[in-house]
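S.K.: Residue numbers (the working numbering), protein chains in the order written: chain P, 1 to 342; chain G, 1 to 320.
Bear in mind the hints are in silico, worked out from the structure with no lab data behind them. A portion of the hints provided could be inaccurate.
To be verified - Looking from chain G toward chain P, a few residues come up when the C-beta cut is under 10 angstroms (computed): (1) Leu58; (2) Val82; (3) Ser88; (4) Trp92; (5) Leu101; (6) Val106; (7) Ser110; (8) Ile140; (9) Gly142; (10) Arg235; (11) Ala237.
As the list claims (entries may be wrong) - Pairs of lysine-lysine residues, derived as DSS-like cross-links and limited to a Cα-Cα distance of at most 27 angstroms, are as follows: (12) P:Lys203 - P:Lys125; (13) G:Lys108 - P:Lys252; (14) P:Lys252 - G:Lys111.
Glycine included, every Cβ here is placed at the ideal spot set by N, Cα and C.
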Amino acid sequence: MATPITSTTFNLPRLDRLLQRLASDQVGKSFAQLIKQLLVPIVALMVFLGLWSVGAKSVETSLGVLPGPAKVWEQSKALYTEHNAERVKAAAFYERMEKRVDQAIADGQPAERIEKMRSRKYTGKETFIDQIFTSLMTVMAGFLVASLIAIPIGIVCGMSNTLYTAINPLIQIFKPVSPLAWLPLVTMVVSALYVTNDPMFSKSFLNSAITVTLCCLWPTIINTTVGVSGVDRDLINVSRVLRLSAFTKTVKIVLPSAIPMIFTGLRLSLGIGWMVLIAAEMLAQNPGLGKFVWDEFQNGSSNSLARIMVAVLVIGFIGFLLDRSMLMLQRMFSWDKNAILR
Amino acid sequence: MMNSYLNIDHVSITFPTDTGPLNVLKDVDLKVTQGEFISLIGHSGCGKSTVLNIVAGLLNATEGGVILEEKEVTEPGPDRAVVFQNHSLMPWLTVYDNVRLAVDQVFKKSKSREERHRWTLHNLELVHMTHALDRKPGEISGGMKQRVGIARALAMEPKVLLMDEPFGALDSLTRTHMQDSLMEIQGRLNNTVIMITHDVDEAVLLSDRIIMMTNGPSATIGEVLHIDLPKPRNRLALAENPTYNHYRAEVVRFLHDRHHQPEYEEAETAEVSEERESIVETLPTAASDATDRRLRTVAAMRSADHQSSDEKHLLTEEAS
Ligand SMILES: Nc1ncnc2c1ncn2[C@@H]1O[C@H](COP(=O)(O)OP(=O)(O)OP(=O)(O)O)[C@@H](O)[C@H]1O
Ligand SMILES: [Mg+2]
Chain P
1 MATPITSTTF NLPRLDRLLQ RLASDQVGKS FAQLIKQLLV PIVALMVFLG
51 LWSVGAKSVE TSLGVLPGPA KVWEQSKALY TEHNAERVKA AAFYERMEKR
101 VDQAIADGQP AERIEKMRSR KYTGKETFID QIFTSLMTVM AGFLVASLIA
151 IPIGIVCGMS NTLYTAINPL IQIFKPVSPL AWLPLVTMVV SALYVTNDPM
201 FSKSFLNSAI TVTLCCLWPT IINTTVGVSG VDRDLINVSR VLRLSAFTKT
251 VKIVLPSAIP MIFTGLRLSL GIGWMVLIAA EMLAQNPGLG KFVWDEFQNG
301 SSNSLARIMV AVLVIGFIGF LLDRSMLMLQ RMFSWDKNAI LR
Chain G
1 MMNSYLNIDH VSITFPTDTG PLNVLKDVDL KVTQGEFISL IGHSGCGKST
51 VLNIVAGLLN ATEGGVILEE KEVTEPGPDR AVVFQNHSLM PWLTVYDNVR
101 LAVDQVFKKS KSREERHRWT LHNLELVHMT HALDRKPGEI SGGMKQRVGI
151 ARALAMEPKV LLMDEPFGAL DSLTRTHMQD SLMEIQGRLN NTVIMITHDV
201 DEAVLLSDRI IMMTNGPSAT IGEVLHIDLP KPRNRLALAE NPTYNHYRAE
251 VVRFLHDRHH QPEYEEAETA EVSEERESIV ETLPTAASDA TDRRLRTVAA
301 MRSADHQSSD EKHLLTEEAS
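Required output: the full structure, derived from the provided sequences and hints.
M.R.: Spelled out as structure tokens, the structure:
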């Protein structure tokens with residue numbers, strides 16, 4: 001089914017309103033409104049930046065004065081430059097290796113030795129950008145696993161009162177547990193159970209991802225249960241009159257009507273998962289943005305505070321993007337295209 | 001007489017509630033012949049929907065049972081299609097898909113894909129909805145939704161069509177149209193229909209028999225009114241018909257008595273003509289309950305047309 005791509009497809013309400021305004025003939029009046037709509041957020045942002053730069057100057061820490069927006073901007077450029085420099089170094093490394101491999105082949109060295117040389121990886125320092133991607137991968141993995149577990153459980157709980165009564169106490173007890181309390185347990189269990197010579201995932205990745213999973217489960221389970229049990233009684237009666245099989249009933253009636261609630265759960269879960277991940281990475285020194293923040297904090301150089309602020313802003317921005325992408329997914333799956341989704 | 005087609009056999013139902021068991025229906029007994037159009041009428045909350053749900057198999061009677069074509073009804077099934085009051089279409093399916101879902105389910109073995117497609121279209125044609133096949137329920141009017149609901153029920157080729165206030169949520173003009181379509185379709189297909197309604201005119205116009213239920217709890221069948229008017233019926237022609245108006249007055253009287261004297265016993269029913277006067281007298285002071293308002297209009301219309309001039313005077317005086 002082809003949906004026409006409009007400004008609403010990408011949820012740009014402002015652009016949407018702008019287009020509507022341009023299409024209308026009340027240009028004079030709408031221009032004033034447009035100015036207001038663009039101007040207000042811009043002014044607010046300016047005020048924020050102004051307060052920040054003035055306020056920051058007056059806070060003296062052991063690592064120097066608190067950085068203002070200018071310093072933070074400078075450091076974000078620096079971080080990007082460092083990342084590029086690492087890339088260049090890595091490329092140079094692989095080029096060197098290539099040459100040595102060629103040399104070895106020319107020298108007639110044994111095949112296994114050549115293979116070993118080929119498989120050597122560049123082991124440079126992980127840059128800020130690398131850490132972003134590590135964190136993103138981890139949160140997505142944890143979230144995906146959690147959703148795959150939570151949605152079916154939620155559906156079953158929503159359909160069967162007995163099961164709901166059975167599982168509800170467990171949910172209520174585990175839901176409020178802080179993710180950081182899980183972390184030591186997860187670490188111990190993973191190192192006890194995950195013993196292979198050729199690990200597909202690193203242990204640190206598993207620890208972070210499983211911790212995220214454990215926290216992402218609950219909102220999705222609860223919201224799916226509520227959504228499924230709230231299916232219109234009349235629709236259920238229709239399915240009974242039609243004698244739909246349990247499967248058809250789930251697919252054609254229960255799931256579509258529970259979709260909005262399921263997505264509410266998923267969005268909550270992803271938001272929580274992202275917050276949990278950063279904390280877990282800080283605590284366990286697992287690679288990712290959390291580790292970056294912690295390392296900079298321990299490092300204590302004159303740039304550290306500005307770099308931490310860069311990380312804070314990036315974490316916030318990614319969190320926002322994750323939520324928006326869930327919203328877009330919800331739009332795609334939702335049958336009610338007119339529903340106002342925020 | 002041979003065994004009836006549908007037999008609601010001494011049905012009673014008791015619901016367990018927080019305040020102890022609630023006996024909603026007591027000894028409801030009704031035999032329906034094939035092709036008959038039955039209306040259930042009675043005050044709100046007396047248990048009409050409960051009767052319908054028991055016939056549908058959505059609820060199980062505590063005592064007695066329902067027998068359709070010599071088989072006891074134990075669970076819901078497409079042979080007893082239900083048209084719900086609020087249409088109950090899947091909002092995420094198009095008009096076509098809503099009907100097609102039912103067609104696919106009922107005829108998955110007996111009809112080919114192509115036949116099922118044509119059957120879906122045919123039933124939507126019956127209710128004049130082929131122009132909106134690809135629209136979702138949220139994009140069509142209430143009357144159109146109700147028509148799709150009826151098409152879906154008809155498409156199941158049910159032995160009995162059960163309708164729970166199918167036109168209750170519609171404006172009067174749309175309702176008039178829907179009643180005419182229903183009469184026409186039922187005349188053509190000769191379905192057996194049980195319909196719940198609050199509308200006296202609707203009941204008299206459409207039914208072969210009107211079942212009037214007493215007030216709950218322990219509601220049962222109070223009176224049964226045979227409507228001996230030839231079919232097909234024309235609402236304009238009937239408006240002047242004294243027999244039609246007599247039937248209407250009967251129903252109004254029944255409802256009115258039930259409303260004001262819940263404990264009223266059948267044995268005490270008085271002559272219609274006397275009762276009619278009492279309606280007019282008590283009407284303006286009656287509570288502004290929805291059913292009552294409907295009654296008042298009906299009675300006002302009746303009396304405006306047929307009562308003596310001083311009664312008319314009384315009415316207009318009260319109204320101003
Ligand atoms: N599952 C149930 N549990 C307890 N009480 C019930 C249940 N279903 C219905 N009742 C009660 O049975 C009575 C009759 O309900 P029902 O819905 O059949 O009335 P109705 O005649 O269809 O009313 P209306 O005209 O308002 O639709 C009501 O008093 C209601 O409270
Ligand atoms: Mg009802």
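S.K.: Would you pick out the hints that fail for this structure and give their numbers low to high?
M.R.: 7, 8, 9, 10 and 11
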